[in-house]
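Enquirer: Here the structure of chain A is known, so what remains is to put chain B with the ligands in place on it, guided by the hints.
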Amino acid sequence: MRAMTYRGPYKVRVEEKDMPKIEHPNDAIVRVDLASICGSDLHLYHGLMTDLRIGHTFGHEFIGTVHEVGPSVQNLKVGDRVMVPFNIYCGSCFFCARGLYSNCHNVNANATAVGGIYGYSHTTGGYDGGQAEFVRVPFADVGPTIIPEWMDPEDALMLTDAFSTGYFGAQIGDIHEGDTVVVFGAGPVGLAAARSSWLMGAGRVIVIDHLDYRLEKAREFAFAETYNFNEYDDIVVHMKKITGFLGADVAIEAVGAEADGNLLQHITAAKLKMQGGSPVALNWAIDSVRKGATVSVIGAYGPIFNAVKFGDAVNKGLTLRMNQAPVKRQWPRLFEHIKNGYIKPSDMITHRIPLEHIAEGYHMFSSKLDDCIKTVVVPNAS
Amino acid sequence: MAYTAEKPVPPPSSDELRARIPGWGADLDPADRPSFPRESLDLRPEGAHWDFPERQEPDGPRERSVEHKFLTPVFGTAQPLTGISGVIRRYAYDRFSEGRAAHWLLLIAGDRVDAIESHLKSFATFRPDNPITETGLMAEVKRHPIRSRFGRGRADLRHTWIDPILVAGPWVLTGWLVLKVLRPKR
Ligand SMILES: NC(=O)c1ccc[n+]([C@@H]2O[C@H](COP(=O)([O-])OP(=O)(O)OC[C@H]3O[C@@H](n4cnc5c(N)ncnc54)[C@H](O)[C@@H]3O)[C@@H](O)[C@H]2O)c1
Ligand SMILES: [Zn+2]
Ligand SMILES: [Zn+2]
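So the sequence lines, in the order shown, correspond to chains A and B. Counting in our numbering, the first sequence tops out at residue 382, every number present. Counting in our numbering, the second sequence tops out at residue 1186, every number present.
Hints were generated in silico from the structure; no laboratory data involved. There is no bait here: all hints are sound.
Example chain B residues on the side facing chain A (calculated, C-beta under 8 angstroms, incomplete):
id, residue
1, I1021
2, P1022
3, P1045
4, P1073
5, E1098
6, R1154
Beta carbons: idealized from backbone N, C-alpha and C, even for Gly.
Next up, chain A with everything else stripped away, as it sits in the complex (with noise of 0.2 angstroms):
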């Protein structure tokens, strides 16, 4: 079959590789229909994620048609279309069982600090991902669901994980009615969490980024207000002069580990991997609060060590929030908002390309050309 794979930093490309097969009783195989590219394949496409083998390939967001199940699969049959959850977990542990499917401890042999991943490098399990013909689903009966006739597929892929997260981040934000809410990074997760901190109730939700053509997204799909961080001196002092000196109720960091803005910060970061990631948004989401807010953390880093301002978290009395987004518990109150009308998650899509372009889709991620905000990759199109 044909798969993305990893050849090194800034390096990928398209290889044939063996079928996957089915290692486990609850394990299934899925032809992938459509994949993406998310933000966090930046993270490996960087070399800054850890563990992270040649040959790995990418991709844990797809929808597909079921290709083959193993003995003790209940759920699905072949030739069933399903969305699959970017979290590989179990259902039985303690962590599933309490709803933290985004943490299980039963998947990944590698880490105890992370659950399992599709594609996502050693750390998160070593399992190969979707950006590929065919791709191994363990515990098919826990994760993956058959896409409902009604629900355009691009949605559903969209579910898996970009909007899911963006949503889930909003939550742990702890939104009040009328919280001025500011959103740090306009990529798909920041899009998602801003559009959906209104359904929260909030009162303001506003977008920062230095990409021009991302935040006319933020302002288009999100409603949000929104400000260039190139264009002014200090981003934190503006966002205290956009609050009458009070800071914003709520913070979302939807930027992770590339985080921009600090040339010091970015480069011992990002360049040189002296540290676990750029934690500029971050610390700029901890200044920029008001005393007593809570900071929601859905941007990733790695598991390295970062500089990050505890000292103005504790002293601000901030509650931070973060996690891997349990992508599962999210979507049956996301089916009822697509179906109401409410958010349209595929209209951050912006690039369709064919998996044998794979490489120059992740440059033109990578370097943010051609206005790309979502990529989608097509496995079977070539």
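Expert: Just chain B with the ligands, lined up with the frame of chain A:
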């Protein structure tokens, strides 16, 4: 003002927001928010018809974090450990917990060694690594490199110049070293 009890910039009224934004306040009640509460035994997923899953058969010695009691019942088999990078990585897993910086720094070292080993190995195959196609540079031709980058207030322009050095640097350096070694001494 923040210096008195009122909120300095009051938000628009809820009616106004409801009229302007589709779905405004649909999840106002925390009970409607699927991630609230964070943890509850009511949230156990449907579909798991086991208390502890059946165990996947390991193919060989599978590395694991020393913070795990045993090999997890399910694990990935995407790229088993091989070569010198495999030795480094196994040492990181066997010797250091996730709490130790050495664990992660060794894994990062393993990644760099793996890249070198794999590039070298690729030259013995019919498909050697090709830095031009693998970096997706062709996107520069088709995807408006100038218009996308300049005159738009992008903060990353200050350090974009580092990327080609990081990516091409090791290749250029290796090429130079190879030439130096191969050139007959005069
Ligand atoms: N927690 C989870 O479950 C989860 C799931 C998916 C993605 N993520 C993470 O969410 C983050 C965003 O993902 P995405 O797909 O939207 O990525 P993306 O790369 O498309 O978006 C990131 C955006 O942040 C902007 N940015 C950079 N520095 C900034 C700064 N200092 N302040 C404000 N904005 C800044 C960038 O210009 C870009 O538009 C990534 O770190 C990703 O790994 C987490
Ligand atoms: Zn993702
Ligand atoms: Zn579990």
